[in-house]
Amino acid sequence: MARKVLELDKIVKTYGAGDSALTVLHGLDIQVEEGEFVGIVGASGSGKTTLMNIVGCLDRPTSGEYCLNGEDVAHLDDDRLSLVRNRSIGFVFQSFNLIAQLTVLENVELPLFYSRTPRRERHKRCLDLVEAVGLGHRTEHYPTQLSGGECQRVAIARALVNQPALLLTDEPTGNLDTKNGEEVLEIFHDLHAQGRTILMVTHNAEIASGLPRVIEMRDGMVLKDTGFGTGTCVRGAVAGGSS
Amino acid sequence: MGLGRFFEVVALGVKNLLRNKLRSFLTMLGIIFGVASVIAMLSVGAGARHEILSRIQELGVRNVIINSVKPPEEIKPDTTDTQYKDRYGLTFADADYIAEVIPTVENMLRVNRITQRLWYGSKRLEASVLGVEPEYLRMFGLESGRGRVFTEVDANNYAKVCLVRRGLVAQLETVEDPIGMWLQIGGFPFQVIGILDDAAFRSHTRKALNIDSTTQEVYIPYETSMRTLGTVTLIERAGSQEFTQVDLDQIVVTTKHEDEVLRTSQMLGAALGKLHDRVDYEIVVPLELLKQSEETQRVFNLVMILIASISLLVGGIGIANIMLATITERTKEIGIRRALGARRRDIVLQFLAETTAIAAIGGLLGCFVGIVGILGIVELTNWKAVIAPSYVMLSLVISCTVGVVFGIFPARRAAQMDPITALRFE
Numbered sequence: 001m002a003r004k005v006l007e008l009d010k011i012v013k014t015y016g017a018g019d020s021a022l023t024v025l026h027g028l029d030i031q032v033e034e035g036e037f038v039g040i041v042g043a044s045g046s047g048k049t050t051l052m053n054i055v056g057c058l059d060r061p062t063s064g065e066y067c068l069n070g071e072d073v074a075h076l077d078d079d080r081l082s083l084v085r086n087r088s089i090g091f092v093f094q095s096f097n098l099i100a101q102l103t104v105l106e107n108v109e110l111p112l113f114y115s116r117t118p119r120r121e122r123h124k125r126c127l128d129l130v131e132a133v134g135l136g137h138r139t140e141h142y143p144t145q146l147s148g149g150e151c152q153r154v155a156i157a158r159a160l161v162n163q164p165a166l167l168l169t170d171e172p173t174g175n176l177d178t179k180n181g182e183e184v185l186e187i188f189h190d191l192h193a194q195g196r197t198i199l200m201v202t203h204n205a206e207i208a209s210g211l212p213r214v215i216e217m218r219d220g221m222v223l224k225d226t227g228f229g230t231g232t233c234v235r236g237a238v239a240g241g242s243s
Numbered sequence: 001m002g003l004g005r006f007f008e009v010v011a012l013g014v015k016n017l018l019r020n021k022l023r024s025f026l027t028m029l030g031i032i033f034g035v036a037s038v039i040a041m042l043s044v045g046a047g048a049r050h051e052i053l054s055r056i057q058e059l060g061v062r063n064v065i066i067n068s069v070k071p072p073e074e075i076k077p078d079t080t081d082t083q084y085k086d087r088y089g090l091t092f093a094d095a096d097y098i099a100e101v102i103p104t105v106e107n108m109l110r111v112n113r114i115t116q117r118l119w120y121g122s123k124r125l126e127a128s129v130l131g132v133e134p135e136y137l138r139m140f141g142l143e144s145g146r147g148r149v150f151t152e153v154d155a156n157n158y159a160k161v162c163l164v165r166r167g168l169v170a171q172l173e174t175v176e177d178p179i180g181m182w183l184q185i186g187g188f189p190f191q192v193i194g195i196l197d198d199a200a201f202r203s204h205t206r207k208a209l210n211i212d213s214t215t216q217e218v219y220i221p222y223e224t225s226m227r228t229l230g231t232v233t234l235i236e237r238a239g240s241q242e243f244t245q246v247d248l249d250q251i252v253v254t255t256k257h258e259d260e261v262l263r264t265s266q267m268l269g270a271a272l273g274k275l276h277d278r279v280d281y282e283i284v285v286p287l288e289l290l291k292q293s294e295e296t297q298r299v300f301n302l303v304m305i306l307i308a309s310i311s312l313l314v315g316g317i318g319i320a321n322i323m324l325a326t327i328t329e330r331t332k333e334i335g336i337r338r339a340l341g342a343r344r345r346d347i348v349l350q351f352l353a354e355t356t357a358i359a360a361i362g363g364l365l366g367c368f369v370g371i372v373g374i375l376g377i378v379e380l381t382n383w384k385a386v387i388a389p390s391y392v393m394l395s396l397v398i399s400c401t402v403g404v405v406f407g408i409f410p411a412r413r414a415a416q417m418d419p420i421t422a423l424r425f426e
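Sequence order for the protein chains is A and B.
When we follow our numbering, the leftmost residue of the first sequence carries the number 1, and every step to the right adds one.
When we follow our numbering, the leftmost residue of the second sequence carries the number 1, and every step to the right adds one.
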């Protein structure tokens, strides 16, 4: 049995208080094992985004338990949550969220900057990563000089730079044309093949159908979960390949 | 936080400022003017203090100077007499009394002065003839630019020698070498032995030395003056003669110690008050000049501090204002940084670095403006200024403080943003 990266236990999220209180998540139980590639689908208002915020440690659940990579993160203070985001989570957003004033390399370096990695080591690691996503010739460019597909690849490099336990992505292909979207998706599949644990929110049924495991949400609850089973063979393949 | 990291944060701040050069510069203006006025205030203040100190050194810190003063014109005796005799000022009795009674007196210099006609060939001038002791010349730095000054030997021999100002020589329109030439003063022949430097006759010294004319002083030994010219000045006006008798024009009292100056001047005031029935003398205490000017200085400083504080306050508010706008503009960036693991204090530091950098650069520019301004003022006026490196340091410390103080609020505000909301901000 593989290690659990994500353990959500009866997660409830309520916004506001009293009569105007709005409960968005009604006791979610989700577990994700190391090496899984999980798609989260659901209509608008189903609680996907709230779930992503909680999983991404940007927000705290009103009640329930959340263990990330074996660490209880449901009750951490703001500083600790920042640390967890920095060390254990890699975000890839729909709108890339690169800082326009920083170069490609500087953008990729940001997480390492906040994890207090010395400058020289930062450069080296980031150069390698930017190279790996095929943008070695663009390190000193600014995001505005790049195409959407390139931006998203920079964002992926940035998400990977701290070797996070969980890669969290929200409609990574939403702002891209079909060709670039497919390329980016291909990168995620490659990463999955290398053993990364990935959680991807998507509207796109086609993309979702290509994922080993899909969780469908509705009204703040899990409607359908294709379960661990689908991912097992892939993990097995990776385990075999890495040994 | 490591030094390297500190520089990185600062460099990031500067980089962000450079992205908006005009805005950053406008934001700095308040600080620039504030710091410039701080620099100006400090250097002008120091210049004034320096000048006063040197003035006092010239007049002697341990000295009390008593001058004879012509009392306000009283109604002249209603006579048809064409002769009028006035007598006022310090007397020999005063001098003896002071020497005898006041214990803190270490040394006392007497000065006699009469106005006399001075003849050179057929040229005539009205001259102020001052009889002074050689020590007096030394004390007040009356040095001869050419020739020599008179000494105790001259004094003891009642030598008829004199020192004149350069201007007086010019008035005589002579082609002769002034050193060694003979002048007739009050009917006696005096030989010029030296020309006095003008440097010793700056306005403040002149005032304290009770000299009103700018060029026509003639200095002769005190003893000679007593023996030959006496103490009576004769002024002839159309048809009337006016005799004025002043025994001593000035007494310079030197105390044993600086601390005794004020006490001595009080005792002198009391003694003279008893000896004179009208106030025909003034007591000048160089130390008190210092106090007076320090008082003026204090008012000046207060005004400048006020101006500087207001400029710095306005500058600081300007910085805070611009930073608040910047933070709204950069909400998204803040959200991204927070998502990638920046703690609140990282965000605070980032924006503090920016405000501090802007204030520090403003401070540097302000120092520059201030120093250039001061040099200009010194050039155009007769003000004195002293610019010390410590003022630059102080100004930089002040401006950095302003940057931190007025940066705290915007920076904290940036840090308190909810990362989710910030990320979604467009």
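The set of hints was computed from the structure by calculation and includes no laboratory data.
C-beta atoms are modelled at their ideal positions from N, C-alpha and C, and glycine is treated no differently.
Heads up, a few of these hints could be off.
[Stated by the list, open to error] DEER-style ranges, computed between Cβ atoms: (1) GLU426(B) - ASP190(A): 27 to 33 Å; (2) GLU426(B) - SER209(A): 30 to 36 Å; (3) GLY16(A) - LEU306(B): 47 to 53 Å; (4) LEU306(B) - THR62(A): 50 to 56 Å; (5) SER63(A) - LEU306(B): 40 to 46 Å; (6) ARG120(A) - ARG19(B): 22 to 28 Å; (7) LEU29(B) - GLU186(A): 49 to 55 Å; (8) GLY136(A) - LEU29(B): 50 to 56 Å; (9) CYS67(A) - LEU29(B): 53 to 59 Å; (10) MET393(B) - GLY134(A): 47 to 53 Å; (11) GLN292(B) - GLN101(A): 31 to 37 Å.
[Stated by the list, open to error] If you want the footprint, here are the derived chain B segments under chain A, 3+ residues with CB under 8 Å: (12) 96-103; (13) 326-340.
Status of the hints after comparison with the structure:
1. Checked against the given bound of 27 to 33 Å, the beta carbons of GLU426(B) and ASP190(A), roughly 31 Å apart, stay inside it.
2. Distance hint check: the CB atoms of GLU426(B) and SER209(A) are about 31 Å apart, consistent with the given range 30 to 36 Å.
3. The given range of 47 to 53 Å is respected by GLY16(A) and LEU306(B), whose C-beta atoms sit roughly 50 Å from each other.
4. Taken as a hint, the range 50 to 56 Å holds for the pair LEU306(B) and THR62(A), whose Cβ atoms sit roughly 54 Å apart.
5. Between SER63(A) and LEU306(B) the beta carbons are some 58 Å apart, a value that contradicts the proposed interval 40 to 46 Å.
6. At roughly 26 Å, the beta carbons of ARG120(A) and ARG19(B) sit within the given window of 22 to 28 Å.
7. LEU29(B) and GLU186(A) have their C-beta atoms about 54 Å apart, which keeps the hinted 49 to 55 Å range intact.
8. Between GLY136(A) and LEU29(B), the C-beta spacing of about 45 Å breaks the proposed range 50 to 56 Å.
9. Separation of CYS67(A) from LEU29(B) is about 54 Å and conforms to the stated range, judged on CB atoms against 53 to 59 Å.
10. For MET393(B) paired with GLY134(A), a C-beta distance near 52 Å keeps the hint of 47 to 53 Å intact.
11. For the pair GLN292(B) and GLN101(A), the beta carbons lie near 59 Å from each other, so the given range of 31 to 37 Å is not met.
12. Under the rule that three or more residues need a Cβ within less than 8 Å of chain A, the assignment of the stretch 96-103 of chain B is violated, with 0 such residues.
13. Check result for the stretch 326-340 of chain B against chain A: holds, 8 residues qualifying (beta carbon to beta carbon below 8 Å, three or more required).
In summary, the numbered hints that this structure violates are 5, 8, 11, 12.
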